[in-house]
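Visitor: Taking the hints into account, I'd like the entire structure generated from these sequences.
2 protein chains.
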Amino acid sequence: MNIAVFGTGSVGQALANRLAELSHQVVIGTRNVENSLQKTQPDGMGTPPIGEFLKNHAHISLQTFADAAKDASVIVLATKGQGAQEALSEAGKLDGKIVLDITNPLDFSKGGLPTLFASNDTSLGEQLQAAFPNVYFVKSLNTMYNGLMVNPRALGEDSTVFVSGNDATAKGVVVGILKEFGWKDSEILDLGDITTARGTESLLPIWLRVYSATKNGFFNFKVATGK
Amino acid sequence: MNIAVFGTGSVGQALANRLAELSHQVVIGTRNVENSLQKTQPDGMGTPPIGEFLKNHAHISLQTFADAAKDASVIVLATKGQGAQEALSEAGKLDGKIVLDITNPLDFSKGGLPTLFASNDTSLGEQLQAAFPNVYFVKSLNTMYNGLMVNPRALGEDSTVFVSGNDATAKGVVVGILKEFGWKDSEILDLGDITTARGTESLLPIWLRVYSATKNGFFNFKVATGK
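Residue numbers (our numbering), protein chains in the order written: chain L, 1 to 227; chain S, 1 to 227.
Since the hints were made in silico from the structure, they are not lab data. Every clue listed holds true.
Below, simulated DSBU-like cross-link-like pairs (lysine-lysine); rule was C-alpha separation at most 30 Å, straight line:
#1 L:179 <-> S:227
#2 L:70 <-> L:179
#3 L:184 <-> L:227
#4 S:179 <-> S:97
#5 L:93 <-> L:179
#6 L:110 <-> L:215
#7 S:184 <-> L:215
#8 L:184 <-> S:215
#9 S:215 <-> L:179
#10 S:179 <-> L:215
#11 L:227 <-> S:215
#12 S:179 <-> L:227
#13 S:227 <-> S:184
#14 L:184 <-> S:184
#15 L:184 <-> S:227
#16 L:80 <-> L:184
#17 L:70 <-> L:39
#18 S:227 <-> L:227
#19 S:70 <-> S:179
#20 S:227 <-> L:215
#21 L:227 <-> S:184
Rough simulated footprint, nothing fancy, chain L against chain S, three-plus residues with beta-carbon under 8 Å:
#22 156 to 168
#23 186 to 198
Think of the CB as a built atom: it goes at the ideal place given N, C-alpha and C, for glycine as much as any other residue.
Guide: What follows is the structure in structure tokens.
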């Protein structure tokens with residue numbers, strides 16, 4: 001498939017790398033290509049700058065959001081939550097495209113652990129769906145470390161990936177990608193329509209506290225049923 | 001131990017029953033004993049009225065919050081979230097006591113799935129701790145169906161119970177109770193101080209959506225680490 005990955009950070013790089021490994025045609029979208037390529041330092045989490053990444057991934061190109069989206073049937077939205085709507089707006093006409101939305105509404109502005117800028121009676125997933133009603137949003141993968149998103153078997157035990165979205169066909173396409181990543185059918189839990197993103201985005205506060213308590217982000221939530 | 005269970009609903013009954021089985025001295029606290037005993041119908045979830053429960057549990061008595069708390073070293077707070085602070089206020093002097101807080105800030109007033117009346121940058125656990133600064137609050141067990149709280153082995157696989165609280169000794173007492181219920185050391189995750197209740201209370205939105213999607217409340221979240 002032609003897939004555009006929006007976002008040049010650790011999540012975008014992990015998804016682009018893995019999708020290209022799986023022989024998809026991958027382009028990475030960014031707001032300003034030149035600015036993105038000018039970065040020479042790793043980010044706060046140690047992720048190398050996108051220019052470095054591209055040197056090691058000759059088949060992946062960096063384009064503006066609009067250029068990246070043009071031929072893509074699936075857009076992987078891996079920007080910061082606060083930049084998600086703007087990135088989609090800059091991408092031009094997206095009607096009919098599928099967006100695999102991995103974003104979370106994290107607000108880092110107050111210092112300490114981030115809070116959520118959309119929560120409880122709304123979600124970023126719903127807000128994006130409302131802003132782009134003719135785009136097929138599927139929220140998934142937003143509840144774990146990016147290394148596990150694209151390689152769930154690395155965990156060494158089964159865990160859960162949630163799926164939220166209004167369109168069954170779009171969810172089917174996303175589930176297909178999840179399976180390519182290595183997710184088992186029994187690990188994929190379709191929660192229902194896009195309002196269920198309130199549930200998965202609300203895993204961030206507990207994710208952050210498990211991470212703080214254990215000093216280890218290499219975990220995932222499992223819905224344990226004994227089966 | 002002398003344990004007072006505040007709350008006459010399904011959670012209170014499950015905890016009182018199990019603690020009495022484990023040979024603790026258990027009293028149940030309620031706002032108005034007479035009113036509670038006058039109920040003759042099961043609640044919306046099919047939980048029998050407290051009068052019915054007491055007939056089958058001769059060693060457990062129903063008392064006012066204040067009477068129940070008087071001799072208790074541990075109070076199990078299993079009221080509705082919205083009634084929690086009032087119940088503790090009616091209980092009189094609680095300084096120095098341990099409160100195992102199982103409540104969640106669920107707001108059912110809007111219809112549909114409940115939202116949270118405390119979330120994101122606060123939690124009910126913190127609010128109660130702030131309202132009763134000399135009480136040792138330990139938030140735990142609030143992230144699952146009550147049958148699993150008191151009998152985690154029934155699930156047939158390991159899962160996670162979280163613990164949040166400011167006082168290490170109080171958390172130790174609660175962890176002791178968890179182990180009596182059957183929780184393994186490896187399943188008990190101490191997240192830190194009471195502010196981490198923001199994390200566990202935020203599991204309710206996802207709990208509710210897993211329940212809605214699967215029509216099955218007999219599950220628990222597990223922090224899966226592959227170990």
